[in-house]
Every structure is written in structure tokens, then in C-alpha cells.
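From first to last, the protein sequence lines are chains X and H. Each residue of the first sequence is one higher than the one before, counting from 1 in my numbering. Each residue of the second sequence is one higher than the one before, counting from 1001 in my numbering.
Check each hint, because a few of them may be wrong.
[To be verified] Heads up, simulated DSSO-like pairs for lysine-lysine below, C-alpha to C-alpha not over 30 angstroms straight-line:
1) Lys1319(H) x Lys1454(H)
2) Lys1160(H) x Lys1319(H)
3) Lys1454(H) x Lys161(X)
4) Lys1049(H) x Lys1160(H)
5) Lys1364(H) x Lys1454(H)
6) Lys1434(H) x Lys1454(H)
7) Lys1434(H) x Lys161(X)
8) Lys161(X) x Lys1049(H)
9) Lys1319(H) x Lys1364(H)
[Said to hold, decoys possible] Label-pair ranges, simulated between beta-carbon atoms:
10) Gln32(X) x Gly1435(H): 13 to 23 angstroms
11) Arg187(X) x Ala1328(H): 55 to 65 angstroms
12) Gln1330(H) x Arg187(X): 51 to 61 angstroms
13) Pro117(X) x Glu1070(H): 54 to 64 angstroms
14) Glu59(X) x Gly1435(H): 25 to 35 angstroms
15) Glu1283(H) x Ala131(X): 44 to 54 angstroms
16) Met1001(H) x Asp157(X): 53 to 63 angstroms
I should point out that these hints are in silico values taken from the structure, not numbers from a laboratory. Quick caveat, the model's predicted, so the values are computed rather than measured. Don't be surprised by glycine CBs; every beta carbon is placed ideally from N, CA and C.
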Amino acid sequence: MEPFVTLTAPAVPLDIVNVDTDRIVPARFLRQPRSAGYENFLFHDLREADPGFVLDRPEHRGARILVAAENFGCGSSREAAVWALAGSGLRAWIAPSFGDIFLENSFKNGVPAIVLPLERVAAIRAHLRHAPGSEITIDLPAQEVLWAGGRERFEVDPFRKECLVAGIDEIDLTLRHEAALSEYERRQRAETPWLGHSRIL
Amino acid sequence: MARTLYEKVWDAHAVATGPGGRTLLYIDRHMLHDGSFHAFEALRRSGRKVRRPDAAFATPDHYIPTRGRENITHPELRDKVEALAANAAGTRITFFGVGDDRQGIVHVIGPEQGITQPGITLVCGDSHTSTHGALGALAFGIGASEVAHVLATQSLWQSKARTFRVNVTGRLGPGVHSKDIILALIQRIGAFGGTGHAIEFAGLAIASLSMEARMTICNMAIEAGARSGMIAPDDTTFEYLAGRPYSPSGADWERAIARWRALPTDAGARFDREVDLDAAALEPMATWGTSPEHGVGIGGLVPDPARQPDAARGASMEKALRYMGLAAGQAMEGIPIDRVFIGSCTNSRIEDLRAAAAVVRGRKALVPSMVVPGSGLVKRAAEAEGLDRVFTEAGFDWREAGCSMCVGMNGDLVGDGERCASTSNRNFEGRQGKGARTHLMSPAMAAAAAVTGKITDVRKLVRE
Chain X
1 MEPFVTLTAP AVPLDIVNVD TDRIVPARFL RQPRSAGYEN FLFHDLREAD
51 PGFVLDRPEH RGARILVAAE NFGCGSSREA AVWALAGSGL RAWIAPSFGD
101 IFLENSFKNG VPAIVLPLER VAAIRAHLRH APGSEITIDL PAQEVLWAGG
151 RERFEVDPFR KECLVAGIDE IDLTLRHEAA LSEYERRQRA ETPWLGHSRI
201 L
Chain H
1001 MARTLYEKVW DAHAVATGPG GRTLLYIDRH MLHDGSFHAF EALRRSGRKV
1051 RRPDAAFATP DHYIPTRGRE NITHPELRDK VEALAANAAG TRITFFGVGD
1101 DRQGIVHVIG PEQGITQPGI TLVCGDSHTS THGALGALAF GIGASEVAHV
1151 LATQSLWQSK ARTFRVNVTG RLGPGVHSKD IILALIQRIG AFGGTGHAIE
1201 FAGLAIASLS MEARMTICNM AIEAGARSGM IAPDDTTFEY LAGRPYSPSG
1251 ADWERAIARW RALPTDAGAR FDREVDLDAA ALEPMATWGT SPEHGVGIGG
1301 LVPDPARQPD AARGASMEKA LRYMGLAAGQ AMEGIPIDRV FIGSCTNSRI
1351 EDLRAAAAVV RGRKALVPSM VVPGSGLVKR AAEAEGLDRV FTEAGFDWRE
1401 AGCSMCVGMN GDLVGDGERC ASTSNRNFEG RQGKGARTHL MSPAMAAAAA
1451 VTGKITDVRK LVRE
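In isolation and in its complexed conformation, chain X is listed as follows (with noise of 0.2 angstroms):
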């Protein structure tokens, strides 16, 4: 995974409450292969039904980094929303709230979501709609960010942190428990033998 600990870039903001990932990307899409490139079904519906979309304004061309509203990211399990914001040339996201799996998506995708009080968010997105391009520095090992209103220390979950900064990969981290993962399972078969071995087949 591509390590992430600091990046300045121009920020776009986005308004809308409770965006679920079936508007980033509409589930007819999702049969597409990854290859297909999600980033061409990022939010198309709802493009489609406003030629002004913020993120095609020509002010937000290259904006690297997005700011949400409360509840960004929630219903369905989706990965390809993920996929579909980075593929864009999405770095980071900001929001007062994310949903849990797609905050999940994000780090597992070397993308940091980070978390602001309410009025703080809505203060950046405010100073964005008035100076369209305004650049963000988003620093992860300071865990800050920083803009023309001032500096906001945001908390990130120090796994989350670590895995992101350093770049790892978390499968690799984890077959070096293998042997806690195999007492696990000799316990397992041990007390709750039918949890084991599917019997019908």
C-alpha cells in the first residue's frame, strides 16, 4: 500500500448530509471490473442531474482532497466507493462523520478519513465556497490540519495511523500471529468442535 503522511492540496467542499455510497457510485455500475475504472461512475447520477456539481466546477479541477458533511460514506459495504474517490484524484476526506465501513475501506485503501467537530467542518467548507482552489495540509504523524482558518488537531486510531504511514500491508502483519491464530483454532476444535468442518456438503 502507497504510504500516506503529508500532503498540501487544494480541497473541495461538499454539502449534502447522509451521502450514501449508492450515490457515489449506483449499484448497476458495480458489476464493472476494477479495471473499468471507477472513477468514471463516481456520483453519476447525481452529476448527471446537475451539470454544476461542485466537482466538475472548473474552480475544483485537482482538488486532491474532500470535505463532507456529517454521515459521508454510509449504507452499503461498497469498496468501489473508495476506489471511485481515490481513482478521481481524491488523496483525503474530512467529514464530522463518516460511515463505519467506509471509513474502514478508506485506510484499507491508504486513504485517511479524518474526523473534525461539526462546526469546524462546516467552517472549512464555508471558507472553501467562498475561495474555490483553497489548499488543505493534512499532516497524519502530527495528526493536524491545516488551512487559512487555523490548525485543527484531529484523533485517528493509532493502528490506522501506523499502517497508513508506514505503508504496511496488513495481511503480512497478520500471518505473524500464525501462531496465535492456530491456538485460536486448536481451542476451537477443542470446545465448539461444530464450528469446525462443514459436515454437509
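Start from chain X and add chain H according to the hints.
Using the frame of chain X, we list chain H on its own:
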């Protein structure tokens, strides 16, 4: 120390501690479906093998057509269904395919086969995996990267969720069902009221529900933002599981029951958050907007965004009303509908079909309506009771098992601008098809909508 149900299952599956104090959690059972192809691809690319094929179960549900499925003509759908069969065969994962009565929606067949059990961890690459928590399992949805991780290692790196207990007191009135409990809860706490939490549903109203009614509630925990929802296992759970194909049997059954009886939350255990809900005060619910939190009692009105204290929320409500083609202050009852869908992992089990059939019996559907049973076995059971004839004589389509019109990935779609009364779980913009307008409700309410052509208080049609 007194522990919650969630904490007990968590502790029993914590196998190691990693960077940042994160827990490596063992996963007992893994469900896969025809949308899981990305994870199989990732596994192949990395050259890794499936660690525990005996702990994984696969069935096509998302892409599978609900008719004409022995010879699927749509090349992309056929490709997804065949790819799952090939991936399962190639990795020796148990597979329930087309023509096997055990095929169905993953969240219906897990409990139905006894794959889902109290105290286990269960995951699936689908957000409605929370359903399985109704049996006292810790079950949650995961993305494709995590599916690949579970296939390779049978474990996941997880951080503990905050705990949240919802105490549901009182008894449901006639015509009010478990779907109404969960829609009312989401309306109250919001679509992200449970984010970062594991919800436990407790209280006398929950304890008096059947196993299937409990599944409907846990199924929609994710619509309140919670990745998992759980209910303490009790005699209802054990009676439900007894004799199912993958349930323990013989001497193992007694050992299992003894373990399961130790799972419920200890007296005095602390939750990070608690909410009370009075089931007796509920009326049948329906949604008016484009988030599951947009619910209202059937006697209520479409709310007025202008009266929202929060401006951003008000703006989102306004946008939802425009999409839905509704006006603030409009009565919910009487909104004309174009189509009815009874099915999905929320409401496609035999009790759901019985509740719908009780309303439909002797009446005619006034709009195109379809019933999609949750599994081949549910379909067989319904046919043995004659429910299929109740539906078909009323003009309903009677289909084969799958996710169908809940997510529209198999081609079962609601048309652009059409208004659908649906027993599914999401009323998101475009969820059931581009431009589709979804009103979520219980199977009884959806049946009432079908036979009247409009959103109707089912209590006026049926005296229970």
C-alpha cells in the same frame, strides 16, 4: 467485572494485539455472495490461499435473476453467478447454487441453515450482516479488502466499538411489527445515531419477538450507523436453532446451550449510551424521504424542512422532498404508489410473507406488485402453506429467491419517477433504480399499499 454480550463475544475472539493496541479478532464464519468477486481477485493476485474453506459459505443473491435463472441470458449477470460457483469450487468453499433450495439471500440462509449461532463472530462483504446479531452473534459487514483478509487469515484487525443499549419496553399493538420498531428508532436517533457503536436491543418487547422479527431489527442497525446489532440469545433462539443442518446436535447441542446461556449481558454491565423506546406507543411507520431516518407514523404528515432547527439538515430534507415529489405538510396516508416490492434481507422470511398474505387474502393488487422470498426454502414453505396462491390470485408476481429490487443489481428495478412501497432497508436516491422513489414499511403495510394503490394504515384493513 460485569460485561455486555458484545464484550463477551469480543473477548472470546481476541487472539492478538497489534500496533496501536488494535485487536486481531478471530472470525468463526464467513458468508460470501456473487458480489464478492473483487476479493477473490485480490486473493488470486496476491497468490494467497483460503485458510478455512470449511468456515466459509457462498450463495448467489445480488446478481441472480428472480426468474429464468436456469439459463441466465444476461451475460454480465450470468458471469457473476458463474464466477462465484467457480471461485467456491476452486477454493473448496461450501456453495448453495441455482437449483439448490438452500440458495438465497446470505442473511436469510445463515440463520436458516444454523450457520449463524450465538456467541460466534460472523462477517460478510455486505453491510446488512448485522442481521445475524439477532441470534447473539457478533456480525458485521466488511469491504472487499477485509473479505480478502478474512479469506487469507480467518481474522480481522478491529477496534472495539462503543456500546449502546436500546431498551424497548411495552407490547406492540395490532398491525404494528418489528419493522416499525426499527424505523421508529432510526427516526429518533438518526442515520448516524449509532455510528461507532455496537447496539444491543433489549427489553421485554424484544424478548417477546420471534427470531425472524428480531432479525428485521438487527438487519437495520446499520441504517442507524451501527456496524453491528445484537440480541441476547434465549429460549426463542435455541428453539429456532434446534435441528438446523449446521446447528450442533447430540451431546454437542447440550454443550452449546450451556455456553450460549452464559452470553447475555451481566446485570450491572455498563453501556456507553442507552435509549428507551416504548413499543406500545408506536403506530405503523413509513418513510417519506431518502434516508432511513426519514420515517413517520402512518397518521403523520410529511415534515416541514423550514421548521428544522439545523440548516444543513433542513436543506437535505428539502432536497429529499424534491426527489420524492412530495410537499411539506402532506398526509402520509393516501400518497398514491406505482409499485410494491415485498422481499430483501430485512423482510423476506416466512413470517413476513404470512403477514403480507393475511392482508392480501381475498383482495386484488391495484399496482404491479412482486414477492421475492428470501431463500428457496422460504419459497417452498410458503408454497406448502398456499401463500403463493394468495399472492398470485391477487395479481402479485411470485419470484425465486434473491436480493432483487432492494438493490436492483439483478435487473429488477423501479422505474424513473415511480413510487414504490418496499419492505427493504434503504430509501436512498436511486437505490431501487435511477429516479426511483422508495417508501420503506413493513410487509403488512406494503401489502395494504398493494391492494389500495396508496399508502394505507393496514389497521383499517385487518382486524387482528
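A quick look at each hint next to the structure:
1. A threshold of 30 angstroms between alpha carbons decides the hint, and for Lys1319(H) with Lys1454(H) the separation of about 23 angstroms falls inside it, so the pair holds.
2. Among the hinted pairs, Lys1160(H) with Lys1319(H) is inconsistent with the structure: their alpha-carbon atoms are about 36 angstroms apart, more than 30 angstroms.
3. Of the pairs offered as hints, the one joining Lys1454(H) and Lys161(X) is violated, with about 51 angstroms between alpha carbons and a cut-off of 30 angstroms exceeded.
4. Distance hint between Lys1049(H) and Lys1160(H) is fulfilled; the C-alpha atoms sit about 28 angstroms from each other, no more than 30 angstroms.
5. Only pairs whose Cα atoms come within 30 angstroms are accepted, and Lys1364(H) paired with Lys1454(H) is accepted, the gap being roughly 13 angstroms.
6. A C-alpha spacing of about 22 angstroms is found between Lys1434(H) and Lys1454(H), which places the hinted pair at or below 30 angstroms, so the restraint holds.
7. At most 30 angstroms may separate the alpha-carbon atoms for a hinted pair to count; Lys1434(H) and Lys161(X) exceed this at roughly 38 angstroms.
8. Pair hint Lys161(X) plus Lys1049(H) holds up; C-alpha atoms about 28 angstroms apart against a cutoff of 30 angstroms.
9. With a CA separation close to 35 angstroms, the supplied pair Lys1319(H) and Lys1364(H) exceeds the 30 angstroms bound.
10. At about 21 angstroms, the CB distance of Gln32(X) to Gly1435(H) agrees with the hint of 13 to 23 angstroms.
11. Checked against the given bound of 55 to 65 angstroms, the beta carbons of Arg187(X) and Ala1328(H), roughly 59 angstroms apart, stay inside it.
12. Take Gln1330(H) and Arg187(X): their Cβ atoms lie about 59 angstroms apart, and the range 51 to 61 angstroms holds.
13. For Pro117(X) paired with Glu1070(H), a C-beta distance near 56 angstroms keeps the hint of 54 to 64 angstroms intact.
14. Between Glu59(X) and Gly1435(H), the C-beta spacing of about 29 angstroms keeps the proposed range 25 to 35 angstroms intact.
15. At about 49 angstroms, the beta-carbon gap between Glu1283(H) and Ala131(X) stays in the expected band of 44 to 54 angstroms.
16. Hint check: Met1001(H) to Asp157(X), Cβ distance near 24 angstroms, so the stated range 53 to 63 angstroms is violated.
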